[in-house]
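Participant: Chains as they are written, first to last, in this note's numbering: chain A, 1 to 253; chain B, 1 to 268.
Simulated from the structure, these hints should not be mistaken for lab results. Heads up, the beta-carbon is just placed ideally off N, CA and C, and yes, glycines get one too. Don't take each hint at face value.
Straight-line C-alpha distance at most 27 Å; calculated DSSO-like pairs for lysine-lysine [said to hold, decoys possible]:
| no. | chain 1 | residue 1 | chain 2 | residue 2 |
| --- | --- | --- | --- | --- |
| 1 | B | Lys241 | A | Lys148 |
| 2 | A | Lys160 | A | Lys85 |
| 3 | A | Lys160 | B | Lys241 |
Cβ-to-Cβ under 10 Å is the rule here; a few derived chain A residues that face chain B [said to hold, decoys possible]:
| no. | residue |
| --- | --- |
| 4 | Ala84 |
| 5 | Pro101 |
| 6 | Arg141 |
| 7 | Leu147 |
| 8 | Gly151 |
| 9 | Phe154 |
| 10 | Met155 |
| 11 | Ser157 |
| 12 | Arg164 |
| 13 | Phe243 |
| 14 | Asn246 |
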Amino acid sequence: MMRRSLWLKIVSAVVLFGAWQIAGMIPVSYAFPTFFESMAALIRMAGDGTLLTAYIETLRPLVVGVGISAFLGIGLGLWIGLSAKFDWLFSPIFIVMQAAPLAALIPLLVMAYGIGLTSKVFVVCIMAMPVIVLNTASAVRNTPASLKEMGRSFMASDTKIMLRIIIPAASPVIFSGLRLGVSAGFIGAILAELKITPTGVGDIITYSRSIADYPAMYAAIFSIILLAVLFLNFLERLEVYLFEGNVRGYASD
Amino acid sequence: MVMPQIKEADVPDMPPQSDNAVVARGISKTYGSVEALRDLSLEFPRGQLTSLLGPSGCGKTTLLKIIAGLLKPNSGEIEVNGKPVKGPGPDRAFVFQDFALMPWANVLRNVAFGLELRGVATSEREAIAEKYIAEVGLAGFEKSYPHQLSGGMRQRVGLARALSVDADVLLMDEPFSAVDEQTRRKFQEDLLNLVQNENKTFIFVTHSIEEAVYVSDQIAILLPRPSRVSEIIRPTDLRHKNVDNIRRDPEYLDIVDSIWASLRSYVE
Chain A
1 MMRRSLWLKI
11 VSAVVLFGAW
21 QIAGMIPVSY
31 AFPTFFESMA
41 ALIRMAGDGT
51 LLTAYIETLR
61 PLVVGVGISA
71 FLGIGLGLWI
81 GLSAKFDWLF
91 SPIFIVMQAA
101 PLAALIPLLV
111 MAYGIGLTSK
121 VFVVCIMAMP
131 VIVLNTASAV
141 RNTPASLKEM
151 GRSFMASDTK
161 IMLRIIIPAA
171 SPVIFSGLRL
181 GVSAGFIGAI
191 LAELKITPTG
201 VGDIITYSRS
211 IADYPAMYAA
221 IFSIILLAVL
231 FLNFLERLEV
241 YLFEGNVRGY
251 ASD
Chain B
1 MVMPQIKEAD
11 VPDMPPQSDN
21 AVVARGISKT
31 YGSVEALRDL
41 SLEFPRGQLT
51 SLLGPSGCGK
61 TTLLKIIAGL
71 LKPNSGEIEV
81 NGKPVKGPGP
91 DRAFVFQDFA
101 LMPWANVLRN
111 VAFGLELRGV
121 ATSEREAIAE
131 KYIAEVGLAG
141 FEKSYPHQLS
151 GGMRQRVGLA
161 RALSVDADVL
171 LMDEPFSAVD
181 EQTRRKFQED
191 LLNLVQNENK
201 TFIFVTHSIE
211 EAVYVSDQIA
221 ILLPRPSRVS
231 EIIRPTDLRH
241 KNVDNIRRDP
251 EYLDIVDSIW
261 ASLRSYVE
């Protein structure tokens, strides 16, 4: 059964990369390299250390921003979900944050916080936090009433109801919020490097484009997507490990 | 219809004045402007099964939750073993209509959860839980998750959880309404055995007349808006009959008919 889903993943990748290769060979555009050209550039950059240096630079705002977003986001989400007052106080902020055209706001952030790490962390947080907060809050609000009553009827304290009933019950939606938030955080990290100061992976993208080294540019974009996918897979594993019974699987598995 | 019951002999540590495990006195409850219960008084004899029967919206579940300490009455008092109820307590355990199982926890942890909340050590509570899992007929399913079980098996888990905390009073809120008819019949037979073998008091909410007559020592009929006890019926002979013969018994049929006669005008 595990086999089949693995095979399907491989088939899916082959289809995607095959389409990429064909589109590059036609070519759909002079600026669109083939899959193999891009992979060659990726291996070259990984070999000479360009990629490593770039990622050390890029991962800093990303890790700090995603860390803050996850920690603060889940905390605030729990708070908002448990108290109507905090819902009224905080929810609008995050709904506005989610809807705001971030690229247009970046100049304001730069004016306030300069072009350093702070601004970039802010961009990551603005991208990642709203969906984490709002998902957590709605998950907590929708905890089945009978589960909470069950806890109370067995004389659980409020803290125990929170830790052993509300949070596990909300965990599937919290985790889906985390997944969405983390992918948005990756977008935010690259956006910050393209819009604020070209550093790290954003620098490779900008620089390669300016010297028309398109394979290198697409290799950089590919690598960040790959990293995001790996991290999302890790999150999924973590969820399965923590709350096994929540994973219902598919009928076909 | 109302007949005195044979008193239980083996209740040594009880105050002599009562053989009632639970007493409700003058309970009133309103939700906003809706009056759910008005001045309701009822006694629940120890070691017996009392059904709360009535049309939907008659406040049966409200009364059960007040006894459980999950809801506060506006006035009146519940006594369990002679002590007034302030909130949920170790002397009562609740079985939920929708099972209230934790989907992220396996059967063993679900059954042991009541003990877990009381701080019982892991090995001890799991040993107790395993015993009750076997007792409700789920041995071998300890590591299964609720979504892998049928509705009837899920409610057995809920029942095992309530039994494992060893409370004097078991509060059951329409426990069999979400399972299919055949499973329900099996449950009803099992429940009769449970009442006989465990020295516990059962309070059982149901909307099924047949179910109430089949399983009860005492049936309290509640009439709605606002709820009060309109009648208390005690089947006299059914308890000593074989479970296979109860549904054919003339007394069973008469009681079912007379309850329906008094309820019919309240069903729209």
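Participant: Less than 10 Å between beta-carbons is the criterion; does Ser157(A) satisfy it with respect to chain B?
Facilitator: Since the shortest Cβ distance to chain B is 8 Å, the answer is holds.
Participant: Check the hint pairing Lys160(A) with Lys241(B) against an upper bound of 27 Å on the C-alpha distance.
Facilitator: 46 Å, violated
Participant: Restraint: Ala84(A) near chain B, CB-CB cut 10 Å. Satisfied or not?
Facilitator: This interface hint is violated because 18 Å lies over the 10 Å limit.
Participant: Can we keep the Gly151(A) interface hint, with Cβ of chain B closer than 10 Å?
Facilitator: 7 Å, holds
Participant: Hint check: is the beta carbon of Phe154(A) less than 10 Å from a beta carbon of chain B?
Facilitator: With a closest approach of 4 Å, the Phe154(A) hint holds.
Participant: Just to be careful: measuring from the Cβ of Arg164(A) to every Cβ in chain B, is the smallest value less than 10 Å?
Facilitator: With a minimum Cβ separation of about 8 Å from chain B (threshold 10 Å), the hint on Arg164(A) holds.
Participant: Can we keep the Arg141(A) interface hint, with Cβ of chain B closer than 10 Å?
Facilitator: 18 Å, violated
Participant: Holds or violated: is the Cβ of Leu147(A) closer than 10 Å to a Cβ in chain B?
Facilitator: Holds, because the Cβ-Cβ distance from Leu147(A) to chain B comes to roughly 6 Å (cut-off 10 Å).
Participant: Would the hint linking Lys241(B) and Lys148(A) be met if the CA-CA limit is 27 Å?
Facilitator: 40 Å, violated
Participant: Hint validation: Met155(A) versus chain B, beta carbon distance must be below 10 Å. Holds or violated?
Facilitator: 5 Å, holds
Participant: Check the hint pairing Lys160(A) with Lys85(A) against an upper bound of 27 Å on the C-alpha distance.
Facilitator: 22 Å, holds
Participant: Do the numbers back the hint for Asn246(A), that is, is its least Cβ distance to chain B under 10 Å?
Facilitator: For Asn246(A), the interface hint holds, since the closest Cβ of chain B sits about 5 Å away, which is under 10 Å.
Of the numbered hints given earlier, the model fails hints 1, 3, 4, 5, 6; all others are met.
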